[in-house]
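*Asks:* Just so you know, the sequences run in chain order B and W. Heads up: the first sequence at position 205 corresponds to 409 in this note's numbering, and the numbers run straight through without jumps. Heads up: the second sequence at position 241 corresponds to 949 in this note's numbering, and the numbers run straight through without jumps.
Be careful, since some hints might not be right.
Claimed, not checked - To give a feel for the contact side, a few chain B residues facing chain W, derived at Cβ under 10 Å: (1) G317; (2) A353; (3) F359; (4) L360; (5) G418; (6) P423; (7) L472; (8) T489; (9) V490; (10) N494.
What the hints assert, rightly or not - One-sided and incomplete, this derived list gives chain W residues near chain B with beta-carbon spacing under 8 Å: (11) L736; (12) L850; (13) V859; (14) I984; (15) L990; (16) V992; (17) Y1003.
Unchecked claim - Residues of chain W placed beyond 10 Å of chain B at every Cβ, according to the derived structure: (18) P755; (19) R774; (20) A842; (21) S925.
Because the hints were derived from the structure by calculation, they are not lab data. Every residue gets a Cβ at the ideal spot worked out from N, C-alpha and C, and that includes glycine.
Chain by chain, the residues run as shown.
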Amino acid sequence: MSQMQTDPPAERLVEEAVVAPVGVESEPTPTVRRKRRRRDVGALLGAIWLGLIVLAAIFAAILPLPAPDAIGDRFSLAPFESAAHLLGTDQLGRDQLSRAVYGARVSLSVAIGATLLGLVVGTVGGMLAGYYRKAADTAFEIVTNVLLAFPPLIFLIALVAALRPSITTLAAGLALVAVPTFARIARANTIAFADREFVTAARAMGATDLRILGREVLPNVMLPVMSFALVVAAALVVAEGSLSFLGLGVPPPAPSWGGMIASGREELYDHAHLVLVPGLFFFLTVFSLNRVGDWARGRVGRESSL
Amino acid sequence: MRTARSPLRRLATLLTVLLVVSMAAFLLLELIPGDPLATLLPEGATPEVRAQVEAAYGLDQPLWRRYLEWLGGALQGDLGRSLQSQVPVTDAIFERLPVTVELAGLSLILALLVAIPVGVYSGYRPGGLLDRIATFVCSVTLSIPNFLLGVLLVFVFAVNLRMLPVTGWTPISRSLGGHIQSIILPVITLGAVEAVAFIRLLRNDMVATLQQDYVLSARARGLATARILFGHALRPSSFSLVTVLGVTLGRLIGGTVIVETLFSLPGLGSLVINAISNRDYLMVQGIVLVVAVAYVLINTLVDLSYPLLDPRVRAS
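Build the full structure now, drawing on both the sequences and the hints.
*Replies:* What follows is the structure, given as structure tokens:
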């Protein structure tokens, strides 16, 4: 959806996201050898970081870390000065590494949950609109236009102002923000595939609409939709961080990267690490999601052009 | 989506969207937990006093009626009075609006000033030094959320180098120099991501445009490179920029909330954040409505202006 941090223009995305159908061989080009793909080191490193941070978030409880809300007696300790607090402590003496890892739990579960929810809802809605057209398409247009009528952050701010922020409400709100992107890609691809021969053949054999959508169209729509999931997830991590930074995210004492940056800001001069440590986690995660996401999108795009 | 449609249908869709938006803005804030009157009533207010205040604000009316009254007022430019300060919501919005508009406008200008030369040159020499540097800087900048970028800029330029004020706002009427100093970091914070997005778009379109035959013919006629790039290739390469203007605007509006909070600027964004923490729900409602309606209208204008700028769209 158009509106997020990394969003390229929705219309172009939709265009480039229409790919060749699964299982349809492109013209064989036996004489020309396939160009060797350059390894994308950035994407590889990104994938490694994402793997590490996801594992750390999942297993945070059994890692040898102090509790994220355990108040210590050494305040605003700089990183690498104490083996007990590798990344230092915050103003209340809480371990920064532990808070960053537990913060990843909040940020990532909200962003991943919202991405999956938005993906499912958007794909179903987009496929229905693209397959049935007419009334379904009109309803689709109105719903997506209303969702897109609010600048995303304003929409989220209003939403969390109305509903108490929690992991569930944040994930639901962010999913709503993500729905139009997925829905548009799904709709465009459904339209592209609905007239293909294999769909006509399935219909001629008496397949129901449900079967056509599920068995013929969905596998072809899923690939381009999923190739956008990581880029959308990156934008949602940023959105969640922005809300936490504004004090509208998951409420304290639960640690969140945005909240850590906001509170560290007050002691920026004396203890820059209070901002730099959560900032680094934030940056690495968003950067990795974007790099791996770009790589995934490039792969899907290239498959069709081969 | 951008197929030719009758203006009437377009208008009908627009009005439907605006109506649903107003309902959404109204209902959303109805759900606010907590008592909106808690801040108004004296402690230990009797039920009678409470009923009086409720009647004064119309809170004893059924929902649909309050919506219609609110909408009717909104159409006449009356969004009610702030529950907190008793100031009319419309006045408060118009008092704060110039700061936000200036911030977003300057950020857009800054982004274009940076993106046009860099994007054009990267597209002219793809794979060249500038292109590679720009690609790297872009991918890094895209992954730094604006609130983090703002904090880092404050750290470097205001805290360490002491070149600029950390936060605060100097109106242009008081001092021009002070005004520029107080707005420069917020504008960079807000404009950086947009500049990066523009550079990416412009570069890719430029690469495609420069492969066109008319560019070859211009080169064959011996025109200067700068003339070909800026005179012939820039305009057809810039249409994507226009199509993303709506997205850009949405991001800028969201960004102003962050930046105004971060730098304590008296704009619409800090107004809405204050209103939320004060449970001033009429104020929040009003701001959300005004922002959403403005956003929808500007996006519609961008859509309408598109065929005017690009003759190829008109033909199809």
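*Asks:* Give a verdict on every hint.
*Replies:* Status of each hint after checking the structure:
no., hint, result
1, G317, "violated, 20 Å"
2, A353, "holds, 5 Å"
3, F359, "holds, 8 Å"
4, L360, "holds, 8 Å"
5, G418, "violated, 25 Å"
6, P423, "violated, 24 Å"
7, L472, "holds, 5 Å"
8, T489, "holds, 9 Å"
9, V490, "holds, 4 Å"
10, N494, "holds, 5 Å"
11, L736, "holds, 5 Å"
12, L850, "holds, 6 Å"
13, V859, "holds, 5 Å"
14, I984, "holds, 4 Å"
15, L990, "violated, 13 Å"
16, V992, "holds, 6 Å"
17, Y1003, "holds, 6 Å"
18, P755, "holds, 26 Å"
19, R774, "holds, 16 Å"
20, A842, "holds, 16 Å"
21, S925, "holds, 28 Å"
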